[in-house]
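Those sequence lines, one after another, are chains A and B. Residues in the first sequence are numbered from 1 upward in steps of one, following our numbering. Residues in the second sequence are numbered from 1 upward in steps of one, following our numbering.
Worth flagging that the hints you see were computed from the coordinates, not collected in a lab. It should be emphasised that the depicted structure is a prediction, and the values quoted were computed from it without experimental measurement. Heads up, the beta-carbon is just placed ideally off N, CA and C, and yes, glycines get one too. Misleading hints may appear alongside valid ones.
Here are a few chain A residues that sit away from chain B, every Cβ distance over 12 angstroms (derived from the structure) [what the hints assert, rightly or not]:
id, residue
1, His-75
2, Val-93
3, Val-98
4, Arg-122
5, Arg-165
6, Glu-174
7, Gln-183
8, Asp-195
Ranges between beta-carbon positions, derived for each pair [stated by the list, open to error]:
id, chain 1, residue 1, chain 2, residue 2, range
9, B, Tyr-120, A, Gly-249, 44 to 50 angstroms
10, A, Arg-247, B, Leu-91, 46 to 52 angstroms
11, B, Gly-76, A, Pro-140, 32 to 38 angstroms
12, A, Gly-53, B, Glu-116, 35 to 41 angstroms
13, A, Gln-283, B, Glu-116, 45 to 51 angstroms
14, A, Glu-161, B, Glu-116, 54 to 60 angstroms
15, A, Thr-297, B, Glu-25, 31 to 37 angstroms
Derived DSSO-like pairs (lysine-lysine); straight-line CA-CA distance at most 27 angstroms [to be verified]:
id, chain 1, residue 1, chain 2, residue 2
16, B, Lys-125, A, Lys-24
17, A, Lys-17, A, Lys-125
18, B, Lys-125, B, Lys-17
19, B, Lys-24, A, Lys-125
2 protein chains.
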Amino acid sequence: MSRALAGHEQIALETRKRVVAAAKELGYVPNTAARTLVSGRSGFVAMVLPVRGPHLVDSFLGEFVTGLGEGLVQHGADLILAAAAVGQSELSVLRHVVESGRADGVVVTRIAETDERLAYLRERKFPFVAHGRLLDADFPYNWLDTDGAHAFGEAFDMLYELGHRHFGLLTISEPMTFRHLRQDGLAAAIARRGDPSVRLTVATAPRFDRGARIQAVNRMLAAPERPTAIVGLFDELALTVMEEASRVGLSIPRDLSVIGFDNIAASAYAPPGLTTFDASIRQCAREIAEMLLAVITDRSKEPLSRLVRPTLVTRASHGPVPGK
Amino acid sequence: MSRALAGHEQIALETRKRVVAAAKELGYVPNTAARTLVSGRSGFVAMVLPVRGPHLVDSFLGEFVTGLGEGLVQHGADLILAAAAVGQSELSVLRHVVESGRADGVVVTRIAETDERLAYLRERKFPFVAHGRLLDADFPYNWLDTDGAHAFGEAFDMLYELGHRHFGLLTISEPMTFRHLRQDGLAAAIARRGDPSVRLTVATAPRFDRGARIQAVNRMLAAPERPTAIVGLFDELALTVMEEASRVGLSIPRDLSVIGFDNIAASAYAPPGLTTFDASIRQCAREIAEMLLAVITDRSKEPLSRLVRPTLVTRASHGPVPGK
DNA sequence: CCTTCAATTTGAAACGTTTGCAGAACTCCT
DNA sequence: AGGAGTTCTGCAAACGTTTCAAATTGAAGG
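Model the full structure from these sequences, guided by the hints.
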C-alpha cells in the first residue's frame, strides 16, 4: 500500500485513488520509525542548537529556524534541534545525530576559522549545508553566506562620499570566519579607493564580555584622533558605540557616524536609528533548507554555494563628516 | 547488549562498563528508528512552529526553543520542529505529528480562547504541556503560564502609588487567552484598591496591523481626557505608545508613563527605556520540557501546572503623575 | 480454447533494535 | 558434592513499514 500512496510504480490510478481515500478515511498515517528503518531516509534535517550564554538578545535563532521550517515543509521534511548538554561539545552532538541516523542531513551555522564540524561531515560523507563559509577550504562543500565583504565595502564607499577619512572598526576576538570576511571587505574597499589619507583604526573586544566591549569603544572614542565613522561588526557592537558616544556627549550623526550589520530589532529603536544591513536571515534559511534537500535527494550533486547580498537599511546614524 | 547499555536489568556493573567502553571504542550509536520502532518511544518532543507573518521582531521563539533544548537534553531527548505548509492548519500538523508517532509528547504555545489543539491532544490522550492556559477548561491538563494578571496588578499598584488615576490599556483583538488574564489582573487590582476615582480606558488593535495600532494609540493620546499612564499588553504595543507619544510632543515619563510586558531587546534601547516585565521565557521553556518529560515517563501522573511570576524591570518610562 | 505478454496484485524478506525466555556458567554456601 | 543464587549467553519474536520478486489476473492474438 505504500506503493499506492507514493504514487509511482505501476499502479492503476483508480486503485491509487481508492487507497488514498481509504487511508484518509481511517486516519492512517505511516509510522515514521518503521518507514525510516526500512527506507533509510528519515525525512528529518537536523541542526545542533548553538550553546548560548544566559542572555540571548537577538532574534537570529528564531528567524533562522522559522526559515528552515518553511523551506523544509514544502518537501515534507521536518527539523530536529539537538542541544548540547553542559560540558558536551557541539561536535559530539553532531556526531551523535549523524551516527544515530535520525536525520538525512544537517545544517551547520556559525562557522569558525578552524571548524572540525565541516571536516567531520565531509569525511563521513554526510549531507550538509553551512551557513557561512571557511576562509580557505581545500575541499568543496555546500554553503550559503551573507556577503558581508560587499556590505562593508558599501558602507565604506557611502561614508567616504560623505567625506569621512578616518574609520573605526569594532570587531570581536571570537574566531569566526565572518569577522575576517567583513574586515577584508572593508580593507579591500579602502584599497580600491586608493586614497592614502584614509585611515582605519581597529578595536577588538571579546564577544560576550560587555564590560570589555564598552572599554574598547571608549578607548576608540577617547583617542587623540578619533575616527569620524565607526563600523560595528554587527549591530550589538554598533549599538554599544552609539550608547557610549552619547554617554560621553557625542551627537550622532553630527559628531560621529555609526553603521552596523544585521538589522536586529533594537537597531530601529535605538536613537537616532542605526543604519545597518539586513541579511534577511529567514529567507536565507529557507534557501539553505532547499539546498540541503537537493543534496539529500542527489548526493552526487555538485556542491552548491550562494552568496547573498545584504540590503542597506538607511536610518539616521550616519551623515557627513563633522566640520563639512 | 541493549540491556547492558541501558543499565538496568541484572547486569554486573563491571560488564556494563566493559560494554559501554567497547561501544564507545567502536563508535556504536544505536539506530534511532529501530529503537523507536520496537520500544514505542522516540526520544523526541515536538512543537509545531507558529505560522508567522513576514516579520518576526521578537526573540521569543529563539529563547523558547533554546530553553526547550536545554531542558530536553538533560534527559537525552531532542526537539522536533514541524512547520505548517501554506494553507495547512497548525492543528493538522499537530495531528500528523501525533499520528505518525515521531514524538512522545508535544508542547503547544500561544493558547487561543477556544483552542482545538488541547481538545484534540486530550482526546487522543497524548502527552503535552501548554505554555499558557485556557480560561475555562473543564478538564485538567499540564500547563505553565506567566502570571500576567499579577504583573498587571503590580503595574497598577506602582502607578497608583505614583499618583496616577486615569489608566490606559492597549490590547489586541486576537483571541489569545493571555489578553484576558492580563486585563483581568489589571481590573482586579483596580477593584482591590476600591478607589472610585480610578478610570481605565481600553483600546484594542489588531495584532499585526501596525497602522491600526498606531491609530488606536493616537486616539487614546488625543482623547480629551488622556490617560496619564498607559500599559501595553506587551512590549511592542508599549513601544508604539512611546513612539507616538514622543511624535506628538509628549515627554516620557514626564507627561505620560508607559509600561510594557515581555522585556524584548528593543525595550532597553527605546528611549527613555521601557519599564516592563521579564517573563524569563528561556527558563520557562526549560521547565516545560521537564514537565513534559515527566508526563511522558509517567502518563498517569497528576496534571502539572505552574504559574511563573514575571519580574519587574524598572527603566525610565514611568514616573509620578503629571502636575504632582 | 489455448498461449503470451503486460498490468496489476500478493507475498515475503529486510531494516536494526528491544525484550522475553531458556539455559549455561559461575560463585558461594552448607 | 549438591543446591541456590546470580550473572551471562544466545535465540527468537516483534515493531510497521518499504521493496523486491513471484504469482495472479485480464486481454489480446493465434
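Verification of the supplied hints:
no. : hint                                       : result
1   : His-75                                     : 10 angstroms, violated
2   : Val-93                                     : 8 angstroms, violated
3   : Val-98                                     : 9 angstroms, violated
4   : Arg-122                                    : 17 angstroms, holds
5   : Arg-165                                    : 30 angstroms, holds
6   : Glu-174                                    : 19 angstroms, holds
7   : Gln-183                                    : 25 angstroms, holds
8   : Asp-195                                    : 35 angstroms, holds
9   : B:Tyr-120 to A:Gly-249: 44 to 50 angstroms : 60 angstroms, violated
10  : A:Arg-247 to B:Leu-91: 46 to 52 angstroms  : 51 angstroms, holds
11  : B:Gly-76 to A:Pro-140: 32 to 38 angstroms  : 35 angstroms, holds
12  : A:Gly-53 to B:Glu-116: 35 to 41 angstroms  : 38 angstroms, holds
13  : A:Gln-283 to B:Glu-116: 45 to 51 angstroms : 31 angstroms, violated
14  : A:Glu-161 to B:Glu-116: 54 to 60 angstroms : 57 angstroms, holds
15  : A:Thr-297 to B:Glu-25: 31 to 37 angstroms  : 34 angstroms, holds
16  : B:Lys-125 to A:Lys-24                      : 21 angstroms, holds
17  : A:Lys-17 to A:Lys-125                      : 39 angstroms, violated
18  : B:Lys-125 to B:Lys-17                      : 38 angstroms, violated
19  : B:Lys-24 to A:Lys-125                      : 21 angstroms, holds
Hints 1, 2, 3, 9, 13, 17 and 18, counting from the list given before, are not met by this structure.
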